[in-house]
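**Q** These are the residues of each chain, in order.
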Amino acid sequence: MALTEFFHELLAPDKVDEAWLIIQNQFPTAIWETLYVTVLSTLFAILIGLPLGVLLVTGEKKGILPLPAWLMQTLNVIINLLRSVPFLILMIMVFPLTRAIVGTVVGTEATVVPLVIAAFPFVARLTESSLREVNPNLIEMAQSMGASPLQIITKVMIPESVPSLLSNATIAITTVLGYSAMSGILGGGGLGKIAINYGYYRYKDLIMIAAVILLIVLVQLFQSVGTRLAVHSDKRLK
Amino acid sequence: MADEDRIMLEIAGLKKKFGEDVILDGVDLTINKGEVVVMLGSSGCGKSTLLRCINGLESFDEGSIRIDGEEIVSGSKAMTHLSQKIGMVFQSYDLFPHRNILDNITLAPVKVQRRAKEDARAQAEQLLRRVGLWEKRKAYPRELSGGQKQRVAIVRALCMNPEIMLFDEVTAALDPEMVREVLDVMLELAQGGMTMLIVTHEMGFARAVADRIVFLDEGKILENLPAETFFNNPSTQRAKDFLQTFEFKKH
Ligand SMILES: Nc1ncnc2c1ncn2[C@@H]1O[C@H](COP(=O)(O)OP(=O)(O)OP(=O)(O)O)[C@@H](O)[C@H]1O
Ligand SMILES: [Mg+2]
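Chains L and E, in that order, are what the protein sequence lines are. Counting with the numbering used here, you get residues 1 to 238 for the letters of the first sequence. Counting with the numbering used here, you get residues 1 to 251 for the letters of the second sequence.
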């Protein structure tokens, strides 16, 4: 049977021993790098994307803080452009910027730049969709009580969409995690790099499988924490 | 008192169009301080639109609205200051679902009016006691019945210490047994001297609470009469027909 043979070969004692050694040596740093890059990039992406998402909603013609139409259009085009470039290509395209900011284009820190640039337009769109869910009556209510646009944003729109924003932040962080693994192919660090270096270049399937399993576990972890926070923050549910 | 000092709300020649549709076609209405006016009219005649114009939520095409002598211009800077003088309660309560009752009530007094938190809170609790909902101060809106939510919405508007209160069919979405508790709060408010402009389809309540009835039809005020006169002896056929629709006869 081909399958038994496959497993037999995959789990040959010498291969398992060798893999275990590499796992022990390399994985702790790799996990740390992956987490560090993912969290840091997501935070930066939120820092840029959240205000942008707010502008996308409030800056509309009928929004609470209308912006010139050309500005809104430019904003939308830029976001759409950035979102339509595949991540690895974007990564190459921003190499000059990365070099200017970080000084190099390889390594853990260097991947933060393309990750932020890939993720902030995504975060902006997610924020936009969260804020659009806010009941427009609540915004009118605040207006009728004399609230300023900034007060409406910070006291009504954002607080009222917290559960949705948290769900979307979870989507963002898992997406960034996926991108960060992908970046391993172009010099990024972390679990992605290990999976590619050992699995793809040196045919050490066990290492690749272990790295992938760890990535899956991380996604599950982020997802379940995120979902729990979102549900917990939702005061509309019983 | 000079005449001007007695006037709370003064609307003159108000015109409002939505596209080509003329919704308000020259509305004149004056409400004195402490007066309770009920506005009646069939569905779609422009009652909500008029209230929204008064509140600055809707711009208008011609005419003027003055609150306590100050002119309302929708969307202007001065409007944020002026809208604090106008308390508005809508049919849909519009409580903030993610804030508890006390926070719902004190949000605007603290953030918009910049009052001290303790001060706003004390007033909120006192108002909640008055409407029998003090026990619910820590609850979230979802834990309240419709009638309770609407009473909280009234308290929230009152906590801004408005000079005039606007009510737009505040009982229309409530189950019959909850209508009473809300109307009672409004009656008490009226007796306490609050200036009020009320849109309602509760004829019994209108008769009990109103000093004056204003009948709006096709964007114009057709009748503007003391409540008793209006109900006993309306002067236009339109108003007679309108009142007819609320009567049930055995055949
Ligand atoms: N935003 C809007 N755009 C276009 N037309 C509108 C808008 N809001 C209201 N209208 C129209 O204006 C007219 C008056 O509406 P309004 O809501 O003021 O009526 P109403 O007297 O409050 O009716 P009801 O008793 O059913 O609440 C209606 O014909 C309505 O379709
Ligand atoms: Mg209406």
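Treat the hints as calculated values from the structure; they're not laboratory data. One should not assume that every hint holds.
[Said to hold, decoys possible] Below are the DSSO-like pairs computed for lysine-lysine, each with C-alpha atoms no more than 27 Å apart in a straight line: (1) E/K85 with E/K33; (2) E/K220 with E/K15; (3) L/K62 with E/K17; (4) L/K235 with E/K136; (5) L/K155 with E/K136; (6) E/K15 with L/K62; (7) L/K235 with E/K138; (8) E/K117 with E/K136; (9) L/K62 with E/K117; (10) L/K235 with E/K117; (11) E/K17 with L/K61; (12) E/K240 with E/K220; (13) L/K62 with E/K33; (14) E/K240 with E/K111; (15) E/K111 with E/K138; (16) E/K15 with E/K111; (17) E/K15 with E/K138; (18) L/K235 with E/K111; (19) E/K111 with E/K85; (20) E/K117 with L/K155; (21) L/K204 with L/K155; (22) L/K61 with E/K15; (23) E/K15 with E/K33; (24) L/K62 with L/K204; (25) E/K138 with L/K155; (26) E/K240 with L/K155; (27) L/K155 with E/K85; (28) E/K111 with E/K136; (29) E/K138 with E/K117.
**Q** In ascending order, which of the hints set out earlier in this document are inconsistent with the structure?
**A** Numbers 9, 13, 14, 16, 17, 21, 24 and 26 - these are the hints that the structure violates, sorted from lowest upward.
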